[in-house]
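Protein chains in written order, with our numbering: chain A, 1 to 269; chain B, 1 to 256.
Among the hints, erroneous ones may be present.
To give an idea of the chain A side of the interface with chain B (calculated C-beta under 10 Å), a few residues [to be verified]: (1) 95; (2) 97; (3) 99; (4) 110.
Please keep in mind that the hints were generated in silico from the structure rather than gathered at the bench.
Where a beta carbon is used, it is the ideal one built from N, C-alpha and C, also for glycine.
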Amino acid sequence: MEQAKPNTTAIRVRNLVFRRGRKTILDGVSMDIQQGSIVAFMGPSGVGKTTILRLISGQLKPDAGTIEVNGQMISAMSDRELHHFRRNIGVLLQDGALFTDLTVFENIATPLREHTDLPEPLLRRLVMSKLSAVGLGGIEDRMPHELSGGMARRVAFARAIVLDPRIMLYDEPMTGLDPIAVSTIRTLMRETNDALGLTSIVVTHNVDQMSKLVDYCYIIASAKIAGEGPPEELNSSTEPSVYQFMNGKMEGPIPFHYQTPGTQWGLLD
Amino acid sequence: MAVSESYISKLTAPVAQSGQCLLFLFRMISSIRFNASQLRAVLQQTYLIGARSLVIIMICGFFVGMVLSLQAINALEQFGASDQVSLLVVKSLFRELGPVLTALLFAGRAGTSVTAEIGLMKATNQIEAMELMAIDPIQVIALPRFLAGLISLPLLTAMFNALAILGSIVFAIGVMDMDSGIFWSKLQNGIYFYKDFIGGIWKSLVFGGLVSLIAVYFGYTAKPTGAGVGTATTNTVVLSSVLILVFDFIMTSFFT
Ligand SMILES: Nc1ncnc2c1ncn2[C@@H]1O[C@H](COP(=O)(O)OP(=O)(O)OP(=O)(O)O)[C@@H](O)[C@H]1O
Ligand SMILES: [Mg+2]
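Working from the sequences, and respecting the hints, build out all of it.
Next up, the structure:
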């Protein structure tokens, strides 16, 4: 499963430190993400998974440490360089963030119109093919508020991959979708990744889907990487915090502040 | 110590804000590209915020013209000078009331909607999504709305003036039976195109820039919450209205 192939590192993170006010969100995180792989970030809510994605996309600057994407140092880029860099990444935000005043078609076409000079018929073909790839052919003329949450997420997914980026960042792409849509999205993520040779990072809470999808997984807890490895390895890990997380135990080294005692973890739904 | 520091920061905050706002203006202007898609966006926004303000501007203009004539006739009658009514009405319209009232109406009608729209886009992460697609939101969201405001307000002011004159005609000639020859000849002799009309339009251009800069900037810097967008919208009206009147005084005292 792990790439025995060229094995080049696409994203290299070293000793990443990030603070918000006095609170240290990330404290010395390092990782090497292989070119062509799909990697998951898991961890309790509020631990800083979205924050890492924002650091990788250059929206936030680390307080210390470095992030290198395909040999480019993100943490030291100027605005102009970042702008250029972002043409090669696709991001699916946690809530989709569709443009509410544009139709589904125009939403997906926006990146193409902005960054390419495709003639209209070709552009139309491309948008429609992405739309049917997410299983939503025929809704191109609807407005975003006419879609269900899951449909909106899939449209946002189509928009994120329409420019064929080199790196995809997904923030909880499967939360709130029905099982069929989850499988559709999962298959799609794997297919796009392998067909285009992308590198993908997925933030997810779903241990089961994660195991089916990814090549490698990082578990983040208490501002550090608590465990990492291929899913099978993590599933059988006996390391206390990894075991606690993967099996959804309430007792263990990972503290859990944001929920009243007695209620379930809620991470495995 | 802590108290005086917080006082100082309260005093310096508006200065810092103005600086930020000017910086924002500079970023908008430096993203002007003169290409087809930008032109299309500006035209579309001019329609949305300019043309759609037309009805309220025209109705208000008409009634302002009527009430001005009513008051002017009342006042001038005491000196037996009621034949001067058109001159008084139109001069005050062109120079002051037209530009100022239109700008105030525009701030309430269009400024608020721009702030709320951009604020909402921010609250729903649409601005962030654009940045992530390497699309500059200042260029595609802020700039067209700013330019549209700049273009619309002088045109709306001219429209307001025209309807106010119509209102004045209806009242003075229609209701009060004034002689229409006198009405027009007073205007012809006493109103100067450059000094009166263009002077007012020039003011409205400044107001247009002011209102739309404030509207766009407040929307763009709104806190991404429901309350944050609400506050930003209120601030747009309040600050625009105050600054319109302040700038009006400054411009009038310097340029006339
Ligand atoms: N704009 C912000 N200002 C201040 N603190 C923030 C901000 N955004 C996030 N945080 C804090 O940073 C921490 C990490 O947030 P982040 O969104 O990365 O969590 P997450 O792991 O993605 O959680 P979830 O699984 O719920 O999405 C949280 O404790 C949060 O309170
Ligand atoms: Mg998150």
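Hint check results:
1. Look at residue 95(A): its Cβ gets to within about 6 Å of chain B, closer than 10 Å, so that hint holds up.
2. Given hint, residue 97(A) at the interface with chain B, holds; its Cβ is 4 Å from that chain's nearest Cβ, closer than 10 Å.
3. Taking 10 Å as the C-beta cut-off, the interface hint given for residue 99(A) holds, the closest approach to chain B being about 6 Å.
4. For residue 110(A), the interface hint holds, the least distance from its beta-carbon to any beta-carbon of chain B being 7 Å, beneath 10 Å.
This entry satisfies every hint, going by the numbered hints stated previously.
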